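Peer 1: Going line by line, the protein sequences match chains H and V.
Sequential numbering from 1 applies to the first sequence in full-length UniProt numbering.
Sequential numbering from 1 applies to the second sequence in full-length UniProt numbering.
Because the hints were derived from the structure by calculation, they are not lab data.
Please note that the accuracy of each hint is not assured.
[To be verified] Partner residues are not named here, just some residues of chain V that face chain H (Cβ under 10 Å, in silico):
id, residue
1, N65
2, D80
3, N172
4, G174
5, N278
6, D447
7, S460
[Claimed, not checked] In silico DSBU-like pairs for lysine-lysine, Cα to Cα no more than 30 Å straight-line:
id, chain 1, residue 1, chain 2, residue 2
8, H, K51, V, K142
9, V, K166, V, K152
10, V, K344, V, K429
11, V, K261, V, K538
12, H, K51, V, K175
13, V, K542, V, K562
14, V, K166, V, K494
15, V, K166, H, K51
16, H, K156, V, K538
17, H, K156, V, K275
18, V, K507, V, K166
19, V, K494, V, K507
20, V, K166, V, K501
21, V, K254, V, K142
22, V, K254, V, K494
23, V, K261, V, K501
24, H, K51, V, K152
25, H, K156, V, K542
26, V, K562, H, K156
27, V, K517, V, K405
28, V, K429, V, K402
Values in this document were obtained by computation on a predicted structure and should not be read as measured data.
Even for Gly, the Cβ is constructed at its ideal location relative to N, Cα and C.
Listed here are the chains, written in short residue letters.
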Amino acid sequence: MLRYTVKRLLNAVVILFVIITITWLLMQFLPGSPFNDQRLTEQARAQLEAKYGLNEPLLVQYTTYLWNVIQGDLGNSYFLNGRPVTAIILDRLPVSAFLGLQGIVAGTIGGIALGAISAMRHNTVWDRLSTLVSVLGISVPIFVLAPLLQYWIAFKWGLLPIAFFESWAHSVLPSLVLGIYVAAVVATYTRTEMLEVLNQDYVTLARSKGLGGFHVMTRHVLRNSMVPLITIIVPLAAALLTGTLVIERVFAIPGIGEQFVRSITVNDYSMIVGTTILFSIFFVTAYLVQDLLYGVVDPRIRVAGTRSG
Amino acid sequence: MSDRRMPTDIQRALRNAGLSRRGFLRVGGGGLAGAAFLGVSGCGVFGSEEEGSTDSEAPETMNRNLGAEIDDLDSATATDEISFEVLYNTMEGLYRLDPSEEPQPAQAEGVEVSEDELVYTFRLRDGITWSNGDLVTSRHFKFAWLRAMDPKVASQYSFILAEFVKGGAEYNAGKGSRDQVAIETPDDRTLQVTLVGPTPFFLGLTAFTTYLPQNEEFVGQQAADYAKGAANLLFNGPYKMTRYSPASGGTLEKNDRYWDKTNVDIERINMRIVKDTNTALTLYQSGEIDLTGLTGEQVPRFEDSPELFRTVNFTHFFGQMNQGNPAMANLNIRKALMTGFDRKLLTDRVLNDGSEPAYAFVPPGMEGPEGQTFREANGDLVEPDPAAARGLWEQGVRELGKAPKIVMLFSDSSTARDIATFIQAEYQKHLGIRADIDITTFENALDRVNNRDYQISFASGWGADYNDPMTFMQYFTSGSGFNRAGWSNDRYDKLVGGARKEPNNAKRMAMMLEAEKILFEEAVLVPEYFEAVVGLKKPYLKNFVSHPYGPEPDWKYARLDKQ
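In isolation and in its complexed conformation, chain H is listed as follows:
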């Protein structure tokens, strides 16, 4: 297990290196430059490029950047008065991660419950109702759902704050919107998987041995339905922890997702690569966690080298 983990970590470093290089190169092909103000004369542009080292040959720029990254320095933003990229990320990431985590946890639990009810009460009103809910949750886009819930729950009924991020109460509505989407996805998968497992011989056997319905459901059916769930939840979690543009915009939340999109539109090179590196780390870690979780849920999918450990 340990050897496997170390190998995966080394792998991750190589993947990160490739991602940094590709992103950095692709950025050179981005149309425009960070300095594009209409009032920018040729002279002022040359001064700015000299200030940020953009007048150096590309190879020099690339190796300098890589060297700095190895030392943990992701460079300075071309905007925001030259603030360090790491400081901007540290300022905004916790906000997005908190919202994402809350949404993922609530959504997963809600989704499993919804899916389980659906599967256990297959072809009843409950099943249809929960299927309807999950279909709506998946198909209504967040940019429709978020303003809708904001208008009714926060503005009309005054139950929660409309926007901003100043207390836990402020985080409930945006997390709810995220959670609804997660729950809908999770419920669909849970339902399908459980229905399949329910038809397995060992379930029939367990039942015939006289085990209670709840026991069979939680111990046998639900657990054996977990594998595909992990496949979808883990990358989803990585995506949500790194922020969502729409939620952050609608609820005026200073998160990282919004910042990332802005940095792309204004060609803030160091911010783009810096955030990409961060997101890559999230995803690489997420997939590592995913592989380890498979083993936890289903002993048959033990990763190579586990037994020797």
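Position chain V relative to chain H; hints supplied.
Peer 2: Positioned in the frame of chain H, the structure of chain V alone reads:
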């Protein structure tokens, strides 16, 4: 030895994790508990834990939506209007614009101007201080101005000083030295500046953000940290900043060391950042925000509301034609494109936000000859007659030998898309041509215009930096760094160049009036509209002053009457 133990620990931990697979469902419960814990403990992620955060409900607090991040509070390098607003209200230059845009003595108590209008000797007020108690001295102005012109600081707005102050352009270009810039400080309260030419609007310029003072000693101490946070700044204006987060906004509090504090009414300004225009409107309606902007789509709902306010800015959106392109080099083709659409329809039906149709280059309201605005003096310069455009187009086609393909460059905002389809339809109707629309990001559009890689561009406009037609007229001069139309005209250059040196205001205005006419005889641009800023403000917010150019709004004059 010891490093062999660590791995076994990890192994044990992993094995334990393996054991817990029986209770895998419990992980979910644990996660929920964890989230709840995070929620209760706050985990340091919530804005209210930032120092200096304030109660937005308080009757003496005004809540303002900035609409975008506060990028840069270093007055030497700031370029965006949000930072300008914060800087203008927390710091103060030698002069400040009054509610009717007349410059009034501010940090300076007065000025003496030499006979030839080249030497300005400012006398600072006695005892004016920074927010830390330091005296504001003439050296602080000199330091800030030189810093903004320093080629190493690479300020995008350096031109607004370098163009006017003698020796500035050379220093900024890296050709002259710092000592040759004609700013003298004979004593702590006297600042003497020598200008390149007579500049009747110079006092207004000293109100601009790039002209704000900086405390040399403090900037030196802060070094790279300067202006990164509220504690890394000093203030000498009506307000001081007590909280600053680029992402979530800031808080301004009345500066009790400000020389004119008795005339500042609002105690606290809570600056929020809401980018989504619908959310901003909802917050306004719920009373959480006292002032917010509106988009053209939102305006019709509030057409009759007494809370609606509107300012037509000194900002002109116009099409520019690249004369390096063979079709654009033809005068009749240019004239056809200039006159081939109905601007009134554009502002009334498409924009619908109070913007005014443009029939000339210089916006209405700007300074003009004695007793008149520039616009009143020169009138409309483009015939609002799209019907005649077809004849011009056909004439141009005959001259060229064949009908040219027209490609119009636009940026990718929703407004720009609406304008694009409108102009396309108008050209189809009046000229009988099918012009292509080329939409790209704003950044890329600017880049293409810079590189002259365009035919006709509607991607941008031009806003005044100061209240004088020169801020517009210089745009099309041959040597101008802003002229990307590739148009050059000796008579125009002579008139504008002459106006720059002419001390007599009536004469220089006459030169600029004539120069503006040349732009339309030559059909250099396609005027579109003068941009309006529209928004809603609560009735208890009074004396709201929003200048049509430069940094705005000015909160010094505003009054808050919350019951």
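Peer 1: Hint by hint, work out which the structure violates, then give me just those numbers in ascending order.
Peer 2: 22 and 23
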